[in-house]
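Student: Spelled out from the first residue to the last, the chains are:
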Amino acid sequence: MKKIVLIGMPNTGKSTLLNRLTGAHAKVGNWPGLTVSLLSARLLVGDQMAQLIDLPGIYDLNGYSDDEQVVTTYLQTQKPDLILFMMNASQVDRQLNLLSQVTSQGIPVVMVMNMADEASALGITIKPEVLSQNLGLPMCLLSAKYGQGTAQLQKLMREGLKAQAPQALTPSKVEQAFQTGVMVPAQASHQLTERIDKVLLHPWLGLPIFFAMMLLLFEGVFAIGKPLQDGMSWLFASLRTEALEPLLSGLPAMAQGLLLDGLYNGISTVASFVPLIILFFLFLGIVEDTGYLSRAAFLMDALMSKFGMDGRSFVMLLMGFGCNVPALLGTRVIRSKGLRYLTMLTIPFSLCSARLQVFVLFIAAMFTTEQAPWVLFSLYLVSILMAMLTSVIFKKQYVNVDAFVLEIPPYRLPTLRQMVLKGWQEVRHFLSRTTRFIMLGVLLIWVLTNFPQGATAGSLETWAGQLSHWMAPLLQPLGINEQLTLALVFGFVAKEVVIGALAVIYGHEGQALIDAIVHNMDWVSAYSFMLFALIYTPCVSTIATIRNETKSWTFTALSVAWPLCVAWLISLTFYQTAMWIRLHA
Amino acid sequence: MIALDHFQVGDQGKITGIQAEIELRQRLAAMGLREGGVVQVLRKASMGGPIHVRVGTTEVIMRRIDAQRITVVPLLELMAAP
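Line order of the protein sequences matches chains A and B. Per the numbering used here, numbering of the first sequence is gapless, rising by one per residue and ending at 585. Per the numbering used here, numbering of the second sequence is gapless, rising by one per residue and ending at 667.
Just so you know, the hints here were simulated from the structure itself, not pulled from any lab data. Don't take each hint at face value.
Stated by the list, open to error - With a straight-line Cα cutoff of 25 Å, these simulated SDA-like cross-link-like pairs (lysine to any residue) come out: (1) A:K337 - B:R648; (2) B:K629 - A:S189; (3) A:K173 - B:R648; (4) A:K337 - A:K173; (5) B:K629 - A:K173; (6) A:K226 - A:S189.
Remember, it's a predicted structure, so these values are computed and weren't measured experimentally.
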């Protein structure tokens with residue numbers, strides 16, 4: 001199959017064009033020798049099937065960034081048959097050097113001048129015939145977002161697949177060609193964007209507006225997402241009680257347990273993330289496609305740069321307070337590997353909604369209504385502090401090599417079609433890459449909490465119970481008893497499972513469970529337990545996501561081990577200090 | 586001739602030099618910031634944050650530490666020169 005690649009600077013609309021041409025068929029996949037996944041899809045060009053591949057946006061083919069390496073490696077190893085060179089028609093001047101480099105690859109090139117609508121709104125005149133003739137390259141004007149010009153592009157691709165590689169063009173030749181082919185008025189600026197920026201990037205108002213918008217976004221994702229997630233859980237639970245349990249009732253108890261508590265629970269864990277991921281990318285799509293994300297970077301940079309991160313890291317960290325998994329996926333907007341890894345290392349510290357459920361239960365059991373909000377607030381504070389501390393400690397290891405030089409695009413209206421497609425692609429990617437890992441994790445916990453044979457499931461007699469027993473010397477100084485340790489082992493599957501596990505361990509539910517907790521510990525050990533549960537190892541879905549996004553076991557191991565160590569130290573310090581004060585005061 | 590980070594909001598100038606290693610030079614050039622280009626400072630973020638500039642039809646934000654490496658001659662000065 002012939003391969004057609006999209007090459008161009010970031011934000012020239014490559015993925016938009018790919019989605020425009022191929023719709024929902026586009027898939028994110030891995031390529032031999034490449035560290036990143038690429039979006040690609042099959043496309044009928046004339047009478048033959050071709051594969052259209054979206055390469056990462058780059059500034060320079062001789063550049064040093066990770067993305068630039070990916071593109072050069074791809075061109076050398078995969079030898080595509082045609083390059084579609086995407087240009088932003090309203091900013092031609094700065095893309096000429098890249099065009100010159102692209103023509104010297106020995107591969108046929110078709111020039112695609114995208115965002116033709118924006119260029120003409122700026123008063124820029126483009127003469128495609130003149131340009132095409134001057135450069136000796138086929139070209140077309142296009143609006144990938146609204147779909148104008150795609151018929152012409154189809155024709156050019158058909159011809160391009162049969163064409164010879166063009167003559168390599170020198171930068172000066174390219175520049176000459178554009179001098180007569182493109183007229184830019186002396187004063188060309190986006191008036192509306194300027195007016196909006198006066199408010200949104202205002203020296204004092206900018207930050208409050210940013211926080212208000214983030215709050216709205218966050219509320220939006222979880223106000224809509226939580227019921228959907230609950231609905232999904234309900235659906236899976238009903239399916240289990242109504243259909244699967246009667247169906248499997250003939251099987252031995254062990255097999256039932258394996259199928260229902262092991263495999264089926266794994267599947268429903270994965271499924272519960274689907275609505276959240278779709279919604280998150282829908283909302284992130286709004287922030288990104290409108291052009292606000294790079295403005296958020298502008299607003300937050302003064303603060304975040306001190307911690308080795310930038311404003312985009314902050315947006316993802318905030319999203320992590322809802323759920324760590326989509327926030328980790330969202331870090332893909334950060335193209336520098338060092339900065340992205342650093343951000344990914346900090347996100348699991350964000351107090352997600354699953355952990356919140358556990359804390360709400362414990363706080364309600366242990367503290368008065370007046371104390372409760374402050375206790376919860378203190379946990380949020382610890383969460384942010386730990387993220388920042390981690391960033392400061394690891395910023396030397398994960399250095400942000402790319403200079404902080406970002407393009408600020410004009411404000412644009414995102415299209416629903418684009419956002420829905422993006423959300424759908426992300427979900428499919430998440431499902432295909434992480435399901436196996438999450439299932440394995442859930443199965444492992446099932447085995448640990450159900451064996452050896454004869455032991456009461458979820459009790460201290462099981463392997464997990466024995467594990468808790470061995471860990472007692474480590475966790476006793478933290479005020480965490482064996483029952484709680486066992487609950488933490490369960491929490492590895494998903495943090496909210498801790499409550500269910502405690503119900504099993506203490507053999508009570510609801511108010512009786514709260515009474516059992518109150519009976520078994522005081523507020524100091526409860527708070528120590530909450531600190532530990534807040535910080536200790538990320539849940540299995542988070543780990544699966546980290547592993548899939550980085551393709552590195554070392555990094556994944558670090559992202560598990562580091563929070564564990566921090567959790568132990570923080571809880572130990574808290575518990576021992578509190579006990580000392582209690583003894584001496 | 587002054588460094589870009591010392592420019593006031595609204596000032597325009599012609600870029601005369603960029604003192605940076607090849608990576609940053611490439612990146613800046615790809616954004617349109619190269620010698621001979623005319624750049625205008627649109628705003629500066631509070632608390633020593635990045636500056637927001639326009640060059641041609643492209644708008645770019647960068648940290649002040651990077652802007653420091655770009656030397657500019659104010660357009661007013663250029664016009665005043667004989």
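Student: So, for every hint listed, does it hold in this structure?
Tutor: These are the hints, each one checked on the structure:
no., hint, in the structure
1, A:K337 - B:R648, "holds, 19 Å"
2, B:K629 - A:S189, "holds, 19 Å"
3, A:K173 - B:R648, "violated, 34 Å"
4, A:K337 - A:K173, "violated, 35 Å"
5, B:K629 - A:K173, "violated, 37 Å"
6, A:K226 - A:S189, "violated, 42 Å"
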